[in-house]
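Chemist: Starting from the structure of chain L, add chain A where the hints point.
First to last, the protein sequences are chains L and A. Counting in the working numbering, the first sequence runs from 582 upward without gaps. Counting in the working numbering, the second sequence runs from 2 upward without gaps.
Just so you know, not all the hints are guaranteed correct.
Residues of chain L placed beyond 12 Å of chain A at every Cβ, according to the derived structure [claimed, not checked]: (1) His646; (2) His1047; (3) Val1048; (4) Tyr1135; (5) Ala1193; (6) Ala1203; (7) Glu1210; (8) Arg1231; (9) Val1237; (10) Ile1240; (11) Gln1256; (12) Val1312; (13) Arg1321.
Below, a sample of chain L positions facing chain A; criterion: calculated Cβ distance under 8 Å [stated by the list, open to error]: (14) Leu1233; (15) Glu1242; (16) Asn1245; (17) Thr1246; (18) Tyr1250; (19) Leu1252; (20) Leu1260; (21) Arg1311.
Computed cross-link-like contacts, EDC-like style, restricted to lysine to aspartate or glutamate with a CA-CA straight-line distance of at most 20 Å [as the list claims (entries may be wrong)]: (22) A:Lys9 - L:Glu1242; (23) L:Lys1300 - L:Glu1319; (24) L:Lys867 - L:Glu957; (25) A:Lys9 - L:Glu823; (26) L:Lys1139 - L:Glu1122; (27) A:Lys9 - L:Asp1241; (28) L:Lys853 - L:Glu961; (29) A:Lys9 - L:Asp1315; (30) L:Lys937 - L:Glu1032; (31) L:Lys1035 - L:Glu957.
Calculated directly from the structure, the hints in this document are not laboratory data. Ideal Cβ positions, reconstructed from N, Cα and C, are used throughout, including at glycine.
The chain contents come next:
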Amino acid sequence: MLRVCLRGVKATARKNSGRTRLTNLQHNRGYTAGESSGASRVVVAGLLTVSGGVGGTILYAKWDHKFRAAVEKNVPYSEWLLGLALGPAPQDTGLPIKKRMESLQPPSMMEKQMRTPTTKPEKKLKETAEHPAPDASSALVQSAQSIQEASAEATQIISAISEVQSVPAPCDTEAAATGREDCKECNDHTVAMEPTAVLQKTDSAGTAEPLTERPVEEVAARLAQQDQEENNVVASVSASLEDSLASSAQATLQAIGAQEAALQAIGQHTHKLKEAMEAEAPSEEKSTQWKDLETALADRTTSMNVAKTALLKANEALDSLKSVIDKSKGLKVAAARPLILAAEENLHKMVVDLDKVVSKVQSAESEAKIVAQYSELVNEAKQQFHREVSSLTPEIQANWKGLTGKLSTDDLNALIAHAHRRIDQLNRELAEQRVREQIHIDAALEQQKLEDQKALEKAVGTALQHVKEEARLEQEKKLAELREVIEAEMRTQLRRQAAAHTDHVRDVLKVQEQELKAEAEQVLSSKMLEQETRYRQLTQEQLDNFTLDMNAAYARLKGVEEAIDSHVEAEEEARKAHQLWLSVEALNYTLKTASAESPSMPLEDAAEAVRASCVDSDFALALASALPEKSLKRGVYSEASLRARFYSMRSLARRVALIDESHNTLYQYFLSYIQAALLFESQQEAPPTQLHSEDLDAFKLLSYASYCLEHGDLELAAKLVNQLRGEARRVVEDWLTEARLTLETRQVASLLSAYANAVGLGTTQAP
Amino acid sequence: MAAEHGRKWDRCLADTAVKTVTGISVGIVFSVLFFKRRTWPVSFGSGLGLGMGYSNCQHDFRSPYLIHGRVVKDQ
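For reference, chain L alone in the conformation it holds in the complex (with noise of 0.2 Å):
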C-alpha cells in the first residue's frame, strides 16, 4: 500500500511540477531572461535561507544559552562565530539567584515554624509550673502538717519517754504510797526495782520460791500507771474539793452576810418601832415615822427572806462538800488525806459560824417579836379608845388632843363621865390582872424555863458535836505525820539490808564461780587432748592405705578409658568422613544430570544430604549454606548448553555493539547493524595474560570468550564477557548470570569434594 501511495505522490508530483514547468515556460515567454533569472532567483533563495538559518541559530542561542552550548558543542567552529556574534558565553548565573531566593524563604518559614513550638513549650512549662505549685502547696501543707504530727508525736514520744525514765528515781515515794494500800505488790516491786540487785529472792514477803523477777521495765511501767493514776485520782479529787469548799465558803459567806444585814434589818425595825410607840411627836412626824416604819418593816422582810434563802444554799453547799468529803475518803489514796482534812476542817467552821449568826438572828427575832407584840397591844388599845370617845361624841374628830374650845359643857360632861367610867373599869381591871398576875407569871415562867431548856440542850448539843469534830480533826491529823514518818524510816532501813544482801550474794557467787570454772577447764582439756591424739592416729592409718589402694585403681582405669575412647573416636571420625564424602558425591552426580537444553535436578535434596552428615565441621557446614539459592530450587546449566546459548547470543551482540547509554537512538542501532555486518573479526582468539584498553571492544572480547570456551574454560569466557558495556552487555545479561550461577555451584561442590577427600584421608588408617 505504501508503494501505491508513493506511485500516487510521484504522479501528484509529476503533475504538478509538470503545471509549474508549463507556467514557467509560460512565463519564460514573457520574460526573456526568464532561465538566468530563475538560476540566481534559486541561488538567492538558498542564500536567504541559509542567512536565515544562521540568524535564527544566532537569535536563539542569544536567548537560550544551552542551546548555544550544544550547537557550540556540536557544530565545529560555531564558537568562534558565535563568540564574534554575540559575546563570550555568559557563565551560570540564572540558577544560584533563584536557589538563593528560595533559600531566604525557608528561613522564614523555619522561623515562623520555630515560633510555634517555642509557645507550645512553654505552655507546657506552664502548666508544669503551675501543676507543680499547687502540688508543692499541698506537699507543703502536707509537709506542715507531717511535721506538726511528727512533732506532736515526738512530744508524746519524749514525754512518754521522760515520764518513763523518771519512775525509777522517785520509786520510793510511789512504792511507800502504794505500799499502805498493796504491800505485797510494793515489796516485790521495791524488790525487782533496786538496780544493783541481781537476783532477788526475799523472804520478808513469804513469796513462793520460783518468783520471776519482773523486768525492771515492767515493773516501772506498772509504778508508773499506778502514779499516774494516783495521781490523776488526788488531782480530781483536789479539784472536786476546791470547787466543793470554794462554792460552799460563797454560800456560806452570803448567807452569813445576809443574816448580818437581816440582823441589822431587824434591830432597826424593833428600834424604830419602839421609837413610834414610845414618842409623843406631833402627827405629821408620827406619819412619817409611821412611813419609815413600814419601810422598815419591809425591809426587814425581804432581808430575812433573802436570808433564809442563802442559809438554804449555804446548807445545800456544805452538804454537797460533805458528801464530796466522803466521796474522796472512800477512795482511800494516802496523798489525799490532808486535802480531806483541810477540807474538813473549813467544813467545821463554816458551819460553826453559820449556827452562831442563825443564833443571832433568831434572838433578835424574838425580841422583835416581844416588840411587836407589844406595839400591837397597845395600837388595840389606842383603837378601842379612839371607838369608844367617837361612839361617845361622834362629831368629834380623831385627834382629840389639839381639841380645846370647841367641845360644849354637855359633851365635856359626857366625856368626863366616860373618862370616869373608863377609869373605873380600868381599875377593875387592874386588880383582877393584879390578882392573876402572879398566876401568869409562873406559867410563863415556866413555859421560859421549857424554852430555855431545850435552847440550852441545843446549844450543848451542837457545841458538843463541834469539839468532837475538832478532836477528830485533830487526831486525823496526827495519825497522818506519825505514818509518813514510820514509812520513811522503814524504808530506808529495808533499802539498807537489801543492798547489804545484794552485795554479799555476788561476792560469794563471783568467787565460786571463777573456782568452779577453773577446775572445769582444767579436766576438760586434758580428756580432750587424750581424745584428739588417739583418733589422729587411727584417721591417718586409715587415709594412707586407702589412698594407695585408690591410686592404683585409678590408674588403671584410666588406661583402659582412653584407650577406648581413642578408638571410638577414630572410628566415628572415619564413619563421618565416609558419609560426607557419599553425599558429596551425590553433589556431584546432581550436576552432572543436567542435559543440553535444561538445567539439572534442583540441588535441595543433595545439599540437605550434604549439611546432614557434616554436621560438626563449620567449614562444611558454611560451604554447604553457600550454595545458591537458585541452584538449589531450579538447579544449574551445564558448560555444553552454555557454550550452545553462547554462539546465538554473540551474533545479537555483534550487532548492538555500538549501542550504550548515550548514543541509543534508531539511527545508531542501524549504523551497528552496518558495523555488524561488515566488520570481520576472528572466530577465536586466545586472550592476552594482561587485557588493555584496546582489548575491550566487544568484538575481541567475544572472540576471546569464544576462544576460552572452547577450552573449556568457563571462569575466563565469563570475565570476558563481564567486561562488555552498554547494550551488548544488557544483552548477554542472562547468559551471564546463569554462567554465573554454575560456576558457583561447580566451585562450591569441588570444595566440597576436597575437602571430604582430605578428611577421609586423614581418618583413614593404614593397615
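Modeler: Showing chain A alone in chain L's frame:
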C-alpha cells in the same frame, strides 16, 4: 535479554507500520473530503505516522538508559 531485544524490534516494526498506514488512511480521507484530492495530506499523514512510530521505537529502545530525575527542594 536477547529475546527481549527481539521482542522490542517486533513491537517496534508493528507499531510503526500500523501508525504509518493509519496516517496514510487519515490523509487520504482528509484529502478526499477537504483538500480536493491533493497529495499533500497523504504524504503528511504518512510522515506523521512514520515519525510517531520512529519516536516510539526509539523511546522503547532507550528506556533502560533513561534516567528519571526529580527536583528535590531544599526543605
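Chemist: All hints, please: hold or fail.
Modeler: Do the hints match the structure? See the list:
1. His646: Non-interface label stands for His646 of chain L: nearest chain A Cβ at 19 Å, farther than 12 Å.
2. His1047: holds, 118 Å
3. Val1048: holds, 122 Å
4. Tyr1135: holds, 75 Å
5. Ala1193: holds, 39 Å
6. Ala1203: holds, 33 Å
7. Glu1210: holds, 21 Å
8. Arg1231: It is violated; Arg1231 of chain L is separated from chain A by about 10 Å at its closest Cβ, not greater than 12 Å.
9. Val1237: violated, 7 Å
10. Ile1240: violated, 8 Å
11. Gln1256: Consistent with the label, Gln1256 of chain L stays out of reach of chain A, its closest Cβ about 16 Å off (over 12 Å).
12. Val1312: violated, 5 Å
13. Arg1321: Label holds. Min Cβ-Cβ 14 Å, cutoff 12 Å.
14. Leu1233: Check passed: Cβ of Leu1233 of chain L comes within 5 Å of chain A, closer than 8 Å.
15. Glu1242: It holds, given that the least Cβ distance between Glu1242 of chain L and chain A is near 5 Å, below 8 Å.
16. Asn1245: holds, 5 Å
17. Thr1246: holds, 6 Å
18. Tyr1250: Check passed: Cβ of Tyr1250 of chain L comes within 7 Å of chain A, closer than 8 Å.
19. Leu1252: Constraint on Leu1252 of chain L not satisfied, violated at 13 Å.
20. Leu1260: violated, 19 Å
21. Arg1311: Since the shortest Cβ distance to chain A is 5 Å, the answer is holds.
22. A:Lys9 - L:Glu1242: Distance ~17 Å between Lys9 of chain A and Glu1242 of chain L Cα, so the pair holds.
23. L:Lys1300 - L:Glu1319: holds, 13 Å
24. L:Lys867 - L:Glu957: Judged against 20 Å, a Cα distance of about 16 Å means the pair holds.
25. A:Lys9 - L:Glu823: violated, 130 Å
26. L:Lys1139 - L:Glu1122: At roughly 26 Å apart (the allowed maximum being 20 Å), Glu1122 of chain L and Lys1139 of chain L break the hint.
27. A:Lys9 - L:Asp1241: Holds, at roughly 16 Å.
28. L:Lys853 - L:Glu961: Roughly 18 Å between the alpha carbons, so the hint for Lys853 of chain L and Glu961 of chain L holds.
29. A:Lys9 - L:Asp1315: holds, 17 Å
30. L:Lys937 - L:Glu1032: Status holds; Cα separation ~19 Å.
31. L:Lys1035 - L:Glu957: violated, 28 Å
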